[in-house]
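**Q** If you read the sequences in order, they're chains S and X.
Under the numbering used here, the residue at position 71 of the first sequence is numbered 71, and the numbers go up by one with no gaps.
Under the numbering used here, the residue at position 120 of the second sequence is numbered 120, and the numbers go up by one with no gaps.
Hints in this document: simulated from the structure, not taken from any laboratory.
Just so you know, even glycine gets a beta-carbon here, dropped at the ideal spot from N, CA and C.
There may be inaccurate statements among the hints.
As the list claims (entries may be wrong) - Stretch-level coverage of chain S by chain X, calculated; a stretch enters the list once three of its residues show a Cβ under 8 Å from a Cβ in chain X:
hint	stretch
1	58–66
2	83–97
3	175–184
Said to hold, decoys possible - Keeping only pairs whose Cα atoms sit at most 30 Å apart, straight-line, the calculated DSSO-like set for lysine-lysine is:
hint	chain 1	residue 1	chain 2	residue 2
4	S	23	S	155
5	X	142	S	23
6	X	230	S	155
What the hints assert, rightly or not - Here are the in silico distance ranges between beta carbons for each label pair:
hint	chain 1	residue 1	chain 2	residue 2	range
7	X	228	S	22	50 to 60 Å
8	S	2	X	31	32 to 42 Å
9	X	31	S	194	27 to 37 Å
10	S	237	X	144	46 to 56 Å
11	S	121	X	77	55 to 65 Å
12	X	145	S	23	21 to 31 Å
13	S	35	X	73	48 to 58 Å
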Amino acid sequence: MLSDDLRGMWYIMLKDLRAYYLKPPNVSWGILFPFAFVLAFVIRDPGNLEGLVPGLLALTLLFGTSSMEAIVITFERRIGALERLLLAPLRLPALLAGKLLGGMVFGLVTTLVVLIVALAVFGASGVNWPLLIPGLILSAAAFSALGVLVSVSVKEVFEAQTLANAFRFPMMFLGGVFVPVASLPLGLQIVARALPLTYAVEVLRAAVEGGWSVSTSLDLIILAGFAAVLFGLSVRVLARRVA
Amino acid sequence: MPDPVPVIEVAELTKRYGPPDSGLLAVDHISFQVRQGEVFGFLGPNGAGKTTTIHMLAGLSQPTAGQACMLGLDRARDLPQIKKRIGVVPEASNLYDELTAFGNLVFSMQLYGVPRGERTPRAEELLARFRLADRRDIPFGKLSRGMKRALTIAAALAHRPALLFLDEPTTGLDVISARNLRQMIAGLRQEGVTVFLTTHYLEEAERLCDRIALLVRGQIVALDTVDGLKARVQEAAAVEVTLDGGRGGTETRRMVGEDVACGVRAALAEAEREGRRVLAVNTVRPTLEDAFVQLTGLSADVMRAEKGGKGG
Numbered sequence: 001m002l003s004d005d006l007r008g009m010w011y012i013m014l015k016d017l018r019a020y021y022l023k024p025p026n027v028s029w030g031i032l033f034p035f036a037f038v039l040a041f042v043i044r045d046p047g048n049l050e051g052l053v054p055g056l057l058a059l060t061l062l063f064g065t066s067s068m069e070a071i072v073i074t075f076e077r078r079i080g081a082l083e084r085l086l087l088a089p090l091r092l093p094a095l096l097a098g099k100l101l102g103g104m105v106f107g108l109v110t111t112l113v114v115l116i117v118a119l120a121v122f123g124a125s126g127v128n129w130p131l132l133i134p135g136l137i138l139s140a141a142a143f144s145a146l147g148v149l150v151s152v153s154v155k156e157v158f159e160a161q162t163l164a165n166a167f168r169f170p171m172m173f174l175g176g177v178f179v180p181v182a183s184l185p186l187g188l189q190i191v192a193r194a195l196p197l198t199y200a201v202e203v204l205r206a207a208v209e210g211g212w213s214v215s216t217s218l219d220l221i222i223l224a225g226f227a228a229v230l231f232g233l234s235v236r237v238l239a240r241r242v243a
Numbered sequence: 001m002p003d004p005v006p007v008i009e010v011a012e013l014t015k016r017y018g019p020p021d022s023g024l025l026a027v028d029h030i031s032f033q034v035r036q037g038e039v040f041g042f043l044g045p046n047g048a049g050k051t052t053t054i055h056m057l058a059g060l061s062q063p064t065a066g067q068a069c070m071l072g073l074d075r076a077r078d079l080p081q082i083k084k085r086i087g088v089v090p091e092a093s094n095l096y097d098e099l100t101a102f103g104n105l106v107f108s109m110q111l112y113g114v115p116r117g118e119r120t121p122r123a124e125e126l127l128a129r130f131r132l133a134d135r136r137d138i139p140f141g142k143l144s145r146g147m148k149r150a151l152t153i154a155a156a157l158a159h160r161p162a163l164l165f166l167d168e169p170t171t172g173l174d175v176i177s178a179r180n181l182r183q184m185i186a187g188l189r190q191e192g193v194t195v196f197l198t199t200h201y202l203e204e205a206e207r208l209c210d211r212i213a214l215l216v217r218g219q220i221v222a223l224d225t226v227d228g229l230k231a232r233v234q235e236a237a238a239v240e241v242t243l244d245g246g247r248g249g250t251e252t253r254r255m256v257g258e259d260v261a262c263g264v265r266a267a268l269a270e271a272e273r274e275g276r277r278v279l280a281v282n283t284v285r286p287t288l289e290d291a292f293v294q295l296t297g298l299s300a301d302v303m304r305a306e307k308g309g310k311g312g
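Using the sequences plus the hints, can you model the full thing?
**A** See the structure below:
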């Protein structure tokens, strides 16, 4: 049974990448969108370009993983294609894990492009790679799981987009991408602590600046926790919907 | 000769949506067996419970009550093993628009663990068999409706299932595509694939099925071979009456009654009531349609009206 699950996950991921993700508009949009946001802030404050890199990486990951992920399952349910996967000999968590992996891989690929550009401009000497790599992977897992949860929670594709944006846009402004969380009013700081993007930005900032502390390790654990909880909720929601 | 081993054994299978006292009873304690290698038809109007039954058997929804065994395995306990050995063709063709005909077949085989070396030859074989070889590299989304249907069936057969569920396979197809598809379904019998077919086309069921269960409002009201179902109304008589339709035209009506005299009397009474002349009266052998009308208490028009509609 485990081998059926692993095989199913792998091929669902490959199919999703081929059928939905790796299309030129998605790739270009996944990279350009975060750049456009950062550019807007750079125009306002040109002196802080380097300080925006961790936020840019986190934003690229957030949009790369969750944009398509949030609509893929809704779309497949709408056209009946999800039924094919539900009929296949694999368990529901494996089916959703395949979907999650598709979003993660796409998000990581687009983020890699942004990372290469950032390293080319600012240099790679201070980067803490043993922190950066798990930081990127766990952030991608948390954001992709958020996309999966959105996707299984709604019926229509437009609802998925609306719901995803309802999470993503507040996160973008409260998660420490443009403004440090510590400088926010206390109430918003509490809200920021409930958002996975906050922890992703903290980890990626520490990694890019070459640091590592207890709180960074805690951030990694919290990101893993977000991924696990959001994924578990997604499985429950879909199981109830298809019962 | 003993009955062949049942491929499907269903006992008191029930599906209720909503609360126990006021919910909708979609499938109402049905029991039946499907034998190995036969084409078994589930015939009924929309909302009869045909698709719900397939969904329960294939693991897409949970029965409210009852048991089902397929291929010697218990559905409640061995669903993953059962899924490996069945194929399901839903009412709507649901492959991936973005993948090619070949890509869709290969993906189906990947999901079901068909060994890598067998995938390409099997996909080519299925494309040839379903007359899609020249559409190998065309995305599914760009195929005609009939081709999409054929490819959806091919994908369900890709992992060589022992049991194939076909839900309204020809609904919405043009006459030629539907005929081609029926030939393909008939061809499955030669391969020993057991086929569970739902349809609301009486002629399709008559042409393809070894045995037919008539399903009305979630209950099986009759289950027999086509000849067996007809024989149940054999003693009754079907009478075809040709009436003067006015302006030189005629109209033929079919009446089924307990005997010929009864049918003729009914026809004459109708003609007199409508003030029309009876031109001819012929006795005819009852058809499956007559059996359906007699056994279900429904009009055959109910089924005709649903052609192109959604199955139940």
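**Q** Quickly compare the C-alpha distance for residue 142 of chain X and residue 23 of chain S to 30 Å and report which way the hint goes.
**A** Distance of about 18 Å is within 30 Å: holds.
**Q** Decide if the proposed pair is consistent with the structure: residue 230 of chain X and residue 155 of chain S, CA atoms, cutoff 30 Å inclusive.
**A** violated, 45 Å
**Q** Determine whether the Cβ-Cβ distance between residue 2 of chain S and residue 31 of chain X falls within the hinted range of 32 to 42 Å.
**A** holds, 36 Å
**Q** So is the stretch 175–184 of chain S in contact with chain X by the C-beta rule, three or more residues under 8 Å, or is the coverage claim wrong?
**A** With 0 residues closer than 8 Å to chain X, the stretch 175–184 of chain S misses the three-residue bar; violated.
**Q** Do the Cβ positions of residue 228 of chain X and residue 22 of chain S conform to the proposed distance bound of 50 to 60 Å?
**A** Since the Cβ atoms of residue 228 of chain X and residue 22 of chain S sit about 56 Å apart, the hinted range of 50 to 60 Å holds.
**Q** Counting residues of the stretch 58–66 of chain S with a beta carbon closer than 8 Å to any beta carbon of chain X, are there 3 or more?
**A** n = 0 at 8 Å, threshold three: violated.
**Q** Residue 31 of chain X and residue 194 of chain S, beta-carbon distance inside 27 to 37 Å?
**A** violated, 53 Å
**Q** Does the hinted range 21 to 31 Å hold for residue 145 of chain X and residue 23 of chain S at CB?
**A** holds, 25 Å
**Q** Would you check the hint for residue 23 of chain S and residue 155 of chain S, treating anything up to 30 Å between C-alpha atoms as holding?
**A** Distance ~24 Å between residue 23 of chain S and residue 155 of chain S Cα, so the pair holds.
**Q** Is it true that residue 35 of chain S and residue 73 of chain X lie within 48 to 58 Å of each other by Cβ?
**A** holds, 54 Å
**Q** Assuming the hint says 55 to 65 Å, is it satisfied by the Cβ distance from residue 121 of chain S to residue 77 of chain X or not?
**A** Because 60 Å falls inside the window, the suggested range holds.
**Q** Are there three or more residues in the stretch 83–97 of chain S whose C-beta lies closer than 8 Å to some C-beta of chain X?
**A** holds (count 9)
Going through the hint list in order, the structure does not satisfy hints 1, 3, 6, 9, 10.
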